[in-house]
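Chemist: Sequence:
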Amino acid sequence: MKGPLFYSKILLFGEYGIIKDSKGLSIPYNFYNGALKMADNSSETVLKSNESLKCFVAYLKGLDANLVTFDIEKLQQDVDAGMYFDSSIPQGYGVGSSGALVAAIYDKYAFDKITVLENLTREKLLTLKAIFSEMESFFHGKSSGLDPLNSYLSIPILINSKDNIEATGIPSQNTDGKNAVFLLDSGIIGETAPMVHIFMENMKQEGFRKMLKTQFIKHTDACVDDFLKGDIKSLFGNTKKLSKVVLNHFKPMIPQQFHELWKKGIETNEYYLKLCGSGGGGYILGFTEDIDKAKQSLKDYKLEVVYNF
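In terms of the UniProt record's numbering, the sequence shown opens at residue 1 and continues consecutively.
It is possible that part of the hints are untrue.
Unchecked claim - Per label pair, the in silico range of CB-to-CB distance:
(1) S42 x K74: 17 to 25 Å
(2) L67 x T168: 24 to 32 Å
(3) K229 x A58: 43 to 51 Å
What the hints assert, rightly or not - With a Cα cut of at most 20 Å, we get these calculated EDC-like pairs of lysine to aspartate or glutamate:
(4) K240 x D226
(5) K142 x E191
(6) K2 x E51
(7) K124 x E134
(8) K241 x D290
(9) K264 x D300
(10) K240 x D225
(11) K210 x D221
(12) K213 x D226
(13) K54 x D107
(14) K54 x E73
(15) K162 x D225
(16) K213 x D163
(17) K162 x D221
(18) K240 x E289
(19) K244 x D221
(20) K241 x E289
(21) K241 x D225
(22) K54 x E134
(23) K240 x D292
Honestly, the hints are just simulated from the structure, not real lab data.
Each residue gets a CB set at the ideal place from its N, CA and C atoms; glycine is no exception.
Make a model of the complete structure from these sequences and hints.
Modeler: Shown next as C-alpha cells:
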C-alpha cells in the first residue's frame with residue numbers, strides 16, 4: 001500500500017494576522033511531500049510515526065460526528081498493521097508537515113468526503129477548513145485548518161477573512177525572473193504552540209492589538225493584493241514595511257542570530273525577511289528583487305528559491 005502524495009505548503013502572507021482576520025495567501029510547495037505507507041521495516045522513524053498515528057486515531061474517535069466521520073475500523077486495522085506517514089516535509093519548519101498528514105488521512109478514511117474534482121463552492125471550502133481545523137488541532141492545540149486544506153487541494157488559497165476563502169490563481173512563474181521568494185534555513189526546529197502562546201499573551205495589550213490592526217494587517221493585506229495583481233513595485237514596498245513591523249514587534253518569533261541579518265536586508269534593500277509559519281525557528285521566508293544579489297549577501301546560509309517572477 002502506498003497512498004497518494006500530499007505536498008507541503010507555504011503561507012506567503014498572513015501568519016498570525018489570519019488569526020485576527022487579515023488576508024492570507026497560501027501556496028502548495030511541491031519540493032516536499034508525504035504519503036501513507038505500510039511499514040516494510042521497523043526503523044525508528046517508522047515506529048515513531050506509527051506511534052503518533054495510534055494517538056491520532058484515538059483523538060479522531062472523539063471528533064464531532066456531525067462534522068466528519070471516518071472508517072475508524074479500517075484506519076485502526078491499518079495502523080495496527082504498521083501504517084506510517086512517509087514524509088520528506090521537515091517538522092517544525094513552518095511548511096505544513098502535520099497538514100499533509102491530516103490531508104492524507106481525510107482522503108483515505110473519511111466518509112462522504114468532499115473531493116477536489118467537485119465544484120468547490122465557498123461552503124465546501126469552509127466545511128473542509130472546519131474539518132481540518134478540528135483534525136489538526138491534535139498537533140498544534142489550535143489550528144486554522146489552512147495547511148491541510150492547501151495540501152489536500154494542492155492549489156493556491158486566498159483567505160479574505162475567516163469565513164471567506166477561495167481557490168485562486170497566482171501570477172505564473174518566470175524562471176528567468178530576478179524577483180524571487182526564497183526560504184532561508186534557520187537550522188533550528190520551531191515549535192508552533194509556544195509561539196502562538198506568546199502571540200496570544202501579547203494580544204492582551206492594547207498597544208499590540210492596535211499595531212496589529214493599523215500596521216501588521218494593513219501591510220499584509222496590501223502584500224496579498226499586490227502579489228495577486230502582479231504589482232511588483234508596490235509589493236516590495238509593502239513587504240519592506242511588513243518586514244520592519246515583524247522585526248520591531250515579533251522579536252521572540254525571530255531566532256536571535258537572525259535579528260541583524262533581518263535588519264541588514266531592510267537597510268540594504270537586497271532582501272526582505274518575514275516569518276514562515278509561526279516562527280521560532282524552521283524556515284524564514286525571503287523576498288528579493290534581485291535573487292543573485294540576495295544569494296551573494298546570504299552566501300553563508302542555506303537558501304532555497306521557491307518562486308521566480
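Chemist: For each hint given before, does the structure comply? Return the numbers of the non-compliant ones in rising order.
Modeler: none
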